[in-house]
Amino acid sequence: MRAALRGTAAMVRLGAQSALHFRVNVGISVVGACLQAVLLIVVWRNVYANRQTVQGVGVDIAVQYAILSLAVAHLALPFRLSSLPERVRQGAIATDVIRPIGVTSQNLAHSVGEAAAALPGSVAVLIVGCALDGISAPRDLWAAGFFVLSVGLGLLMAWTMNLTVSMVAFWTTDTRGTFYIYRTLATFCSGAIVPLWFIPEWLAHMLNALPFRLQIFAPLEIWFGQVTYDHSKQLLIQQASWLAVLFLLLHLVARRALRVVVVNGG
Amino acid sequence: MIVAEHLVKQFHRRAVPDGPASRFRSLFAAREAVRAVDDISLAIDKGEIVGFLGPNGAGKSTTIKMLTGILVPTAGRVEVAGVVPWRHRRRNALNIGVVFGQRSQLWFDLPLRRSLEAIRDLYSVSAADYRNRMSQFDDLLDLGSFLDTPVRSLSLGQRIRGDLAAATLYRPPVLYLDEPTVGLDVVAKVALRDLITSLNVDGRTTVMLTTHDMDDVEQLCQRIMVIDGGKMLYEGDLKDLKRRFAPYRDLIVTPRSPSDADRIDSGLATRVSSPGAAKVTLRFDPQEVSAPEVIHSVSSQFEVSDISILDPQLEDVVRRLYGGNP
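The listed protein sequences derive, respectively, from chains A and B. First residue of the first sequence: 104, per our numbering; consecutive thereafter. First residue of the second sequence: 74, per our numbering; consecutive thereafter.
Bound conformation, chain B alone (with noise of 0.2 Å):
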C-alpha cells in the first residue's frame, strides 16, 4: 500500500556566520544542505499498523510530508496505493487521510460542523454515508458535544478529535497521523485509539502513526519503523526490538521482613535496584536462566511477601536505541 525506496530530502540553509554584522554577512555566505531524510526505504501492507517512531529532528515529519505529496523527495521513489503522491496529489488526496497533532486542517474561525461540512463536498461524501458517520464519530469520539463550538475555543482534545473525523470522515484506505496524541489527556488518548481500531479493524484501514508516546505504539501498532538522523535504524516487530535491544527481564522482589532487602540477591541475575530500596529489581537473561529457577532461588534463601516479573519497557528500549546503546 505504501512504498519508499531510497528517499532523500535536503533542505538548503544560509549558514549565519558569528562576529559583527552576521546578518549583512550571512547575505553572502554559501548555502548548506541538510538532508533531513537520508535514504530511507519502506513499505507498508494494506491493512497494517505501523508505528513510525524516532528522536525530535529525526526526520519522521518530513518522511510523513513526503508520502502524503505535499513535499517533492530531493531523491527516491515512493508510491501510495498505486499514486506518486507529490506528482498525483488530487489523485493522492482521495487515498489519504492525514492528522498532523501540531497543525490544524480545520477552519479556525468557524464552528467545527461547518469544516466538516465542507470536507464532506471536498470529498463527496453523500448525504447518508455523512449522516451514518457523524453519528459514529458522535458514539467513539463525543463530537456532537463540541460540533458548534469555534475551532479556534476547541480544547487541544476536542480540536484533534475534530482533526481525526476531517481526516477519516471519507473513509480514505491510508491515514498518516503526525504525532496525534500529544498533549492530550488518556479520556482523548482512548478515544483515539478506539477509533484508530475501529477503522482498522472494519475498513482495513492501513495507518502509519509518529508518536512519542510507547501507549499508543505498544496498544495499536503491529510493527514499527525506528528512525534517527534520517537514517532507518530498525525497523520489524515489538517483540523482537525488545529482543535485541532489551534482552533482560526484571524480576521485582519485596521481602517480608524489610532488612532482608539489601541482603537478596540471587547468582543467577543481577541486582539492578539502588540499596535502601523496599523493593529489590534482579535483571536476568531469559535466554540463559529461566524465572522459575531465579524465583527458586530467591524464595529458597529468603522469606518473600510479593514477587513479579516485569517486561523492559518499550520506552526504555526506544531510548537505548535512540542512544545507540543496545
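So here's chain A without its partners, still in its complex pose (with noise of 0.2 Å):
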C-alpha cells in the first residue's frame, strides 16, 4: 500500500513537472484564462444591460456563475485532456503497461499532477473575476466547505471520464474525433459554457440522469446556497455514487483496451 501511495505520488509529480517544464506555455495558459475571464464578464454584464433578471438569475450570480465555471472547467477539462492517447500511438505505452502501479492509476495520477500545475491559471482567473467586482462569499461556511468538496468530487469524476474516452486509443488510435465529441458534451452538459438554470425543462430531465452536471453544475449550487444543507449532502453522495461507478467503467474498459494492446514498429 505504502508502495503503491509513492509510486502514484512519482506520477503525480512528473505529471505536474511536465506540465510546468514549459513556463512560456503556463504563462500563456494563464493570459488565455484571464482573457476568457475578462470576456465572460464583459458578455454576461452586457446580457443583463436593459434586465433585471433572465429566468430569475440576477447579473451578480451570472457573472459569478462565469467566472467560477471557467476556474473548475480549467482543471477538468484542460485542452490536452489525457497524455494516454499519444503513448498509444508512440507505443510508450508498453512501458506503461509493465510498471508496478496500473495504466489507469498512473494515468490519473498523472492528470492531478498535471491539474496542480493547471492551478495558476485558475487562480488567476479568480483573481480576475475579484478585481472586476465579479465574484462575492459563498452563504455560510458550510456552503464553502460542501464547495471545495464538491468541487474535488467533480475533477475526480472529470479526470475519470477523461481518462475512460482517452481509452478509445487502443482501439482507434486517433482519438481527436472522439474527443472532438467528447469535448462538446462535456463541457455543454457540465453547464462549464452556459449555466443549466437557463436549458428547457425537458433537456434539464436528460442531464440530470447524466453525471456531467455533477462535476461543474453542482458545486457551483452549492456555492450559490441554492441548494439546502441536505441537498448539499445529498449532491455530495450522488457525486460520490457516480465517481465509484466511473472507476467502475474506467477499470472495465482499461481491462479490455490492455487485452487489445497493439504496440507499433519493433
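Be a bit skeptical, because a hint or two may be false.
To be verified - Facing chain A, a subset of chain B residues (Cβ under 10 Å, in silico):
#1 L100
#2 R108
#3 P184
#4 D301
#5 M305
What the hints assert, rightly or not - Away from chain A, derived, C-beta distances all over 12 Å, residues of chain B:
#6 Q209
#7 G230
#8 D275
#9 I325
#10 V362
These aren't lab readings, by the way, just hints derived from the structure by calculation. Values in this document were obtained by computation on a predicted structure and should not be read as measured data. Glycine included, C-beta positions come from ideal geometry on N, C-alpha and C.
Using the supplied hints, reconstruct the complex from the two chains, each of which is provided in its own coordinate frame.
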C-alpha cells in the first residue's frame, strides 16, 4: 500500500513537472484564462444591460457563475484531456503496462499532476473575477466547505471520464473525432459554458440522468446557496456514487483495452 | 526463470485491395490473420545471458512483448520468475527490467534525473540504494555528465544509457534488452556491455538480448536462439551453431612473392579468394583435415610471409541460417 502511494505520488509529481517544464506555455495559458474571464464578464454584463433578471437569475450570479465555472473547467477539461492517446500512438504505452502501478492509476495520477500545474490559471481567473467585482463570498462556511468537497469530487469524476474516453485510443489510435464530440458534450452538459438554469426543462431531465452536471454545475449550486444543507449532502453522495460507477467503468474499459494492446513498430 | 511453451501471437489486419476506391472497399474486406509468433517454446535459467536473434520482422520483439506482459498471447503459456506476465502485470513488473532500443521509458521533456527519481519511487528503492546505484551508473555509464539534460536533448547513446539505468535501478532479476545497441557508437556499446556483464556476474541477473550486432552476441551470450517467420530455427550454444552452419575454417596466406598469389593452392583446401588478391584464402573442414596439415602443404610449396587462421564469423553463420542455406 505504502509502495503504491509512493509510486502514485511520483506520477503526480511527474505530471506537474512535465506541465510546468514549459514555463512560456504556462504563462500563455494563464493569460488566455484571464482573457476568457474578462470577456465572459463583459458579455454577461452586456446581456443584463436592460434587465434585472433572466429566468430568475440576476447579473451578479450570472457573472460569478461564469468566473467560477471557468476556473473549475480549466482544471476539469484541460486542453489535452489525457496523455494516454499520444502514448498509445507512439508505442510508449508498452512501458506504462510494465510498471508496478496500473495504467489507469498512472494516468489518473498524471492528470492530477497536470491539474496542479494548471492551478495558476484557475487562481488567475479568480483574481480577475475579484478585481472586476465579479465574485462574492458564499452563503456560509458550510456552503464553502461543501463547495470545496464537491469541486474535488467533480474534478475526480471529470478526470476519470476523460481517461475512460481516452482509452478509445487502444481501438482507434486517433482520438480527435471522439474527443471533439466528448468535449462538446462535456462542456455543455456540465454547465461549463452556459449555466444549466437556462436550459429547457426536457433537456434538464436528460442531463439529470448523466454525470456531467455533477462536475461543475452541482458545486456551483452549493456555492450560491441555491440548495439546502440536506440537498448539498445529497449532491455529494450522488457525486461519490457516480465516481464509484465511473471508476468501475474505467476499470472495465481498461481491462478490455489492455487485452488489445498493439505496440506499433519493433 | 523464463519459460514459454507453444507461444502464439496472431494479429488481424484488414486487407487493402488494389484498384479503384480501394480504401472504401477495404472497409468491407475480410480481416486476415497474421501469425507474428508461431509455436515458440523456450526456457532460460537464472543467471543466463541468451541472445535472441532473427532478421527484421522475425517475431523477436513480439515474443519479448509477450514475455514482458505487454502483449497477451493468442495461445501458449508463459511464466517468468513464477509469474504469468500478462495476467499479473504489477507483480511481474517488479521482476523485470526492459530496454527497448527503439522507444524510451524516460519522460521525454524532463531531465533524466527526474525520470530516475520517479523510477526510484515507483519501485520503492531506498535512498541509500539509489545513491549507491547512481554512483555505479556514473562509473560505468558516465551518467553524471548528462543527468540534468532533458531526455529529448540527449544523444541516442546517452538516451540508451539512461534507459538502461532506469531498467536496472531496482535490480530486477530478469532483464530484457530489445536491440539496445542499435545505432550506438563503439564507446557506448562497450559501456552497455560492461554494465550488462557486471549485473550478470554480481547479481546473477538473467538477460535476454535481442540484437543484430554479432559482437554483442559473441561477447555477452552463453547461448543463442534464432527465430524467423515466428518459428524457432535454432537453439544452442555459439560453438555448436558455427559447427553446424559453418563447418569450416579459413587459412589466410600472404605469399612472400606477389606473383605466387594466384598459384597458391592446396589439395587439402578450397581456394575461396578471388584471382589477383594479395592474400589468399583457403577454406577447409577441420573435421577432415587439420590446420597444421594445410599449413604444411602450402608452406612446403611456396615461400610465405604471413599466415593466419580465421574462425567463421558469426555474422556469416547467422546470414546462412536466415537464408536457409546451411
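Now for the hints, and whether the structure bears them out:
1. At a threshold of 10 Å, the smallest CB-CB gap from L100(B) to chain A is about 14 Å, leaving the interface hint violated.
2. Hint on R108(B) is violated. Least Cβ distance to chain A is approximately 15 Å, over the 10 Å limit.
3. Among the interface hints, the one on P184(B) holds; its C-beta lies about 9 Å from the nearest C-beta in chain A, closer than the 10 Å criterion.
4. Look at D301(B): its Cβ only gets to about 15 Å from chain A, farther than 10 Å, so that hint breaks.
5. Of the supplied interface hints, the one on M305(B) is violated, with its beta-carbon coming no nearer than about 19 Å to a beta-carbon of chain A, more than 10 Å.
6. The claim that Q209(B) is not at the interface with chain A holds, since no C-beta of that chain comes within 12 Å of its own (minimum 22 Å).
7. Distance check on G230(B): its Cβ is at least 19 Å (rounded) from any Cβ of chain A, clearing the 12 Å threshold; non-interface status holds.
8. No beta-carbon of chain A comes within 12 Å of the beta-carbon of D275(B); the shortest separation is about 23 Å.
9. With 12 Å as the threshold on Cβ separation, the claim that I325(B) sits away from chain A holds: the shortest Cβ distance comes to roughly 37 Å.
10. V362(B), annotated as away from the interface, keeps every beta carbon of chain A farther than 12 Å; the closest lies near 43 Å.
Hint violations for this structure: numbers 1, 2, 4 and 5, all remaining hints satisfied.
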